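Let the sequences and hints guide you as you build the complete structure.
Protein chains in written order, with this note's numbering: chain A, 14 to 400; chain B, 233 to 829.
Some hints here could point you the wrong way.
Stated by the list, open to error - Facing chain B, according to a computed beta carbon distance under 8 Å, are these residues of chain A, among others:
no. : residue
1   : S132
2   : T135
3   : E144
4   : S185
5   : E216
6   : F217
7   : A233
8   : V247
9   : R248
10  : I259
11  : T282
12  : I299
13  : D303
14  : T335
15  : F357
16  : R390
Unchecked claim - Here are the simulated DSSO-like cross-link-like pairs (lysine-lysine), alpha carbons at most 30 Å apart as the crow flies:
no. : chain 1 : residue 1 : chain 2 : residue 2
17  : A       : K22       : B       : K750
18  : B       : K330      : B       : K510
19  : B       : K388      : B       : K574
20  : A       : K311      : B       : K750
21  : B       : K309      : A       : K126
22  : A       : K28       : A       : K117
23  : A       : K121      : B       : K574
24  : B       : K340      : A       : K126
25  : B       : K475      : B       : K510
26  : B       : K577      : A       : K117
27  : A       : K391      : A       : K28
28  : A       : K171      : B       : K419
By construction, these hints were calculated from the structure, which means they are not laboratory data.
Quick caveat: nothing in here was measured; it's all calculated off a predicted structure.
We put the beta carbon where it would ideally sit given N, CA and C, even for glycine.
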Amino acid sequence: MEFFSHQTKFDFCGKFGLFGGLSLTAIIVSIVTISIWSMNYGIDFAGGYEIQATFPRDVQEAEARQLLSPIGLTDLRLQRYGEAGRHEYLILFREHGSMNAQDKVALKVDFGKLAGAESDLTTWSVAESGESISAAFNQPVTEEQIREVLTRHGQVVKDINRSERTDKPEYSIQLESLSDRIDTTLRKAFSVPAGTQMISRVEFVGPQVGAQLRNQGLMAVFYAMFFMLIYVAVRFDFFFAPGAIIALLHDTTVTIGAFAIFRLEFNLTVVAAVLALVGFSMNDTIVVYDRIRENAAKMRGSSMRAIVNAAVNQTLSRTILTSGTAFLSAISLLIFGGATIREFAIATTIGIMVGTYSSVFIAAPVFILLHEHYDRRKSRAPNAVTA
Amino acid sequence: MERGWYFRLTIVLATTLGSLYMLYPSYFYYFKATPQQRDSHEAFCAALPSQFPCIKFNLGLDLQGGVHLVMGVRVDKAVEQRADRMADSLKEGLKEQKLPFARIDRPKDTSEIDLVMAPTTSMDAVEKYLRRDYRSLDVLRRLNQELMLDLSSEEKKYVREATVDQAIKTIRNRADKFGVSEPVIAKRGDDSVLIQLPGISDPDRAIANIGRMAQLEFKMVDSEATAVFDDVPASSLPEGVTKHEDSFDGPGGKNIREVSFLLPETQEAALTALLEPKLPNDRDIGFGSAGPESPNGKATLVRTYLLHHRAGITGDYLTDAHVQQSTELASDYYVVMTFDPKGAKIFEHLTEENVRRKFAIVLDGKVTSAPIIEEKIPGGTARITLGRGGADAQTKFEEAKDLSLVLKAGALPAPVEVREKRTVGQTLGKDAITKGSRALFFGMVFVLIFMVMYYRLSGFLADLAVTLNLFLVLGVMAMFGATLTLPGMAGIVLTVGMAVDANVLIYERIREELRVGKTPRAAIEAGYARAFVTILDSHITDVVAAIVLFQYGSGPVRGFAVTLIIGISASLYTALVVTRLIYDYFTATRRVQTLSI
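This is the structure:
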């Protein structure tokens, strides 16, 4: 079987204006969308709580809020998850843990009152998760008083430790976790028996870690591109590198842009897919470049345009085939891989398509443009040293 | 056939068999082993047929369920505590040097020490003393009789690093108690610790146990006073509790009778409630292990100790603890612990007053050991001899090592807090395995069928190569004990799609060469030769991206990078060597005139 029984003779370079314009539009749309709407960051980057739970029946967001309002949790989002008919949901609290900023302030005020004035609270810190507190007082404060305040705030105390190190009362308090509070409350509301598992996954990411992961992700994509640039510059020459990098920038921008436009969740696995895409797209580009280099030696006397066009045509069937097999893999991930790696599979699928497109329609033409630009300058400056 | 061909054949057979050999232990572990055999590394090694190496690839938390935690260590608190201690010791030191001061303050949320000397004190003498004995303190400013001091930046850096290192040791120590077979505890960034506990489902219990502000204390045991327990009637004891009597030579050679109770851990609260009213003032009931585990291995028995409420000395003064072998009897080991100068004085005083009394090492409120003080111990270095009679040298060594660990890394040096917490239930993990395998299966089938359709017999060769590639990836992962995650499985699926790339490049080249009229043999020769450079170039970019990803990623994402790196490297080998071997066989022996490509 062959897709192209004869050597194709498409004029890829001639249509650069059309595809260049198309790509430029896609990039601009992506950048504008990302900067206006931002990304729909997943928990890895946004921080907060994400709880995967299976309920015995369908539940609406409003109902979930109402059920959880007695324990002070109203700013949640409920999202259907996984296959239909399994009543599986994600309960999301973005950007905060068991307590939000106001809760923390209100609690501090009440702890201050315990000691007399807020200034008598010599140590005060609430963990990012909102699930542990350490507090020290200048005045005698008992464990009972602390429990009373916390209960008033809808919290369940799990453990209180009084430090013996200093003469001032210093407490470290462990509160029941958000997931446990939700589990207890919703279990009662839906009368789920004790033996059945209702919550199957709990993830909490503090804002510090979230920001760290975001920066690291950005740096990783940057480094990957940087190393590619070096590799191409060393392995080929100066004219090849910009085309390869522009193609990579195009691929990553458009893929990430697609996530922004369709409001798909942008998480760690998507960054992984983008990095793999950088490798994959580069791989395609290099196959074309290798052919250009080979042809340049063989087709002495031909114009650079003809050389590049021949190279793209000669490798076309390979490019389509490999992208095709990789695409088959990605599609099977998308169909069979389940909800956990859905975003990853989407990013890979988009990435493979975009990466293939860019090697043919961007990397090669940019190379020609650079080359022709350099040639013109050379002919205008007769004294230039010829290579 | 030429000799080179046989050589290549040997290599291909060796790698194929080798990868199967490396894979068998993993197959055994995940498909054949009983839960007991999977319980620990030792049990698994013992159960595995002896001709196989005791290695396997691991499943990530997302596949087997478990807890992933990142705990932040509050190093700022540790620095403040160091400053507290420094201020205390400065107080003593200035008194000793007869340099009177008005007050020493420790401003909140800083590591500064505000020193106000008496109006008559010579400030030059104070500064001279500080320079000599307190090099780790910097003078920030001097105003009349007031000195503002701060820990030097090297000291702060040292405290921060030491704090995180010690926190890791402590956490490792505590995590071992969860009975997890392969916990991961590693430093992450400057001030965080990564903890992975496979198979655990309650992260909050783990956090509570790991993060508790634990303290190492040394408390005297009041054996003499245990006589008050004599009149506790056996009938009133909670279920499973038995009274026990011991005697040893106490202070002044006087025989001391010690009454204690043996009980299952679950009865601690009940027994405490019963005994509490009888306790003298300032005495507590402490519990500690009563020796080897009970025969059924489930319920560990503990025994009671009557402890002084006030700690004789705390772990804060301890600077080091290590194991030493006895010079007299090689099978005897003891633990040497060293206190700082101030601790040495307290310890000397404490031991002088309590010769022939028991001295309990209390960690996290639990008595880990209670040796008898043989004599007054000056100089701040003490030896704890471990002698549970009859134990073999190995057991004694382990005990000594455990105790030294407890002493050294006993207490968390600073509070820790949760920065990241992820729990995956075991059912969800199983579900992920099913879905990942299904995606892998169909992904492979799609690609294999496509290759045969497009390249006919040559496609089948490529399929063989890709299948071998799969075994190689898993075999190498097993060899290095790498971790397979769900994205890792996705990585394998993608590698299958990408691995055929090398074959496609070669085949397309062969077709081109055939088209210009070359013989099959020449076309194959040219195809492999020409495609080689391209394949190398393009695979290197894939691997570079994967390595960057490996550096960046953590957990599941890292698993993806691992399978990608191994898969792409392996595909280079399978495409260039394995398929070539088969081609060469046919073109050399059968003198084929047409290629099925």
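Structure-based check of each hint:
Because the closest C-beta pair between A/S132 and chain B is about 10 Å apart, greater than 8 Å, the hint is violated. Among the interface hints, the one on A/T135 holds; its C-beta lies about 6 Å from the nearest C-beta in chain B, closer than the 8 Å criterion. Checking A/E144 against chain B: minimum C-beta separation of about 7 Å stays under 8 Å; hint holds. Given hint, A/S185 at the interface with chain B, holds; its Cβ is 5 Å from that chain's nearest Cβ, closer than 8 Å.
Given the 8 Å rule on beta carbons, the hint for A/E216 holds: about 4 Å separates it from the nearest Cβ of chain B. Taken as an interface hint, A/F217 checks out: its beta carbon lies about 4 Å from the nearest beta carbon of chain B, inside 8 Å. With its C-beta approaching chain B no nearer than about 4 Å, A/A233 sits inside the 8 Å limit, and its interface hint holds. The interface hint given for A/V247 is violated, since its Cβ lies 11 Å from the closest Cβ of chain B, which is over the 8 Å cut-off.
The beta carbon of A/R248 comes within 6 Å of a beta carbon in chain B, closer than 8 Å, and the hint placing it at the interface holds. Contact between A/I259 and chain B, as hinted, is not supported at the beta carbon level, the nearest pair being about 16 Å apart and thus beyond 8 Å. Hint status for A/T282: holds, given a least beta-carbon distance of 6 Å to chain B, under 8 Å. Interface hint status for A/I299: upheld, as the beta-carbon distance to the closest one in chain B is roughly 5 Å, under 8 Å.
At a threshold of 8 Å, the smallest CB-CB gap from A/D303 to chain B is about 4 Å, leaving the interface hint in force. Restraint check, A/T335 versus chain B: the minimum CB separation of about 4 Å is within 8 Å; hint holds. Hint status for A/F357: holds, given a least beta-carbon distance of 6 Å to chain B, under 8 Å. Annotation: interface hint on A/R390 violated; nearest CB of chain B at approximately 29 Å, more than 8 Å.
Under the criterion of a C-alpha separation no larger than 30 Å, the hint pairing A/K22 with B/K750 is consistent with the structure, at around 23 Å. Annotation: proposed proximity of B/K330 to B/K510 is violated, straight-line Cα distance about 48 Å (limit 30 Å). A threshold of 30 Å between alpha carbons decides the hint, and for B/K388 with B/K574 the separation of about 21 Å falls inside it, so the pair holds. Between A/K311 and B/K750 the alpha-carbon distance is near 18 Å, which keeps this suggested pair within the 30 Å criterion.
Of the supplied pair hints, the one linking B/K309 and A/K126 holds, its CA atoms being roughly 25 Å apart against a limit of 30 Å. Distance restraint check for A/K28 and A/K117: the Cα-Cα separation of roughly 60 Å exceeds the 30 Å cut-off, and the hinted pair is therefore not satisfied. With a CA separation close to 38 Å, the supplied pair A/K121 and B/K574 exceeds the 30 Å bound. Between B/K340 and A/K126 the alpha-carbon distance is near 20 Å, which keeps this suggested pair within the 30 Å criterion.
In summary, the hint linking B/K475 to B/K510 is supported, as the alpha carbons are separated by about 15 Å, within the 30 Å threshold. For the given pair, B/K577 sits about 45 Å from A/K117 by alpha-carbon distance, which is inconsistent with the 30 Å threshold. A C-alpha spacing of about 25 Å is found between A/K391 and A/K28, which places the hinted pair at or below 30 Å, so the restraint holds. Note on A/K171 and B/K419: the hinted pairing holds, with a Cα-Cα distance of about 28 Å set against a maximum of 30 Å.
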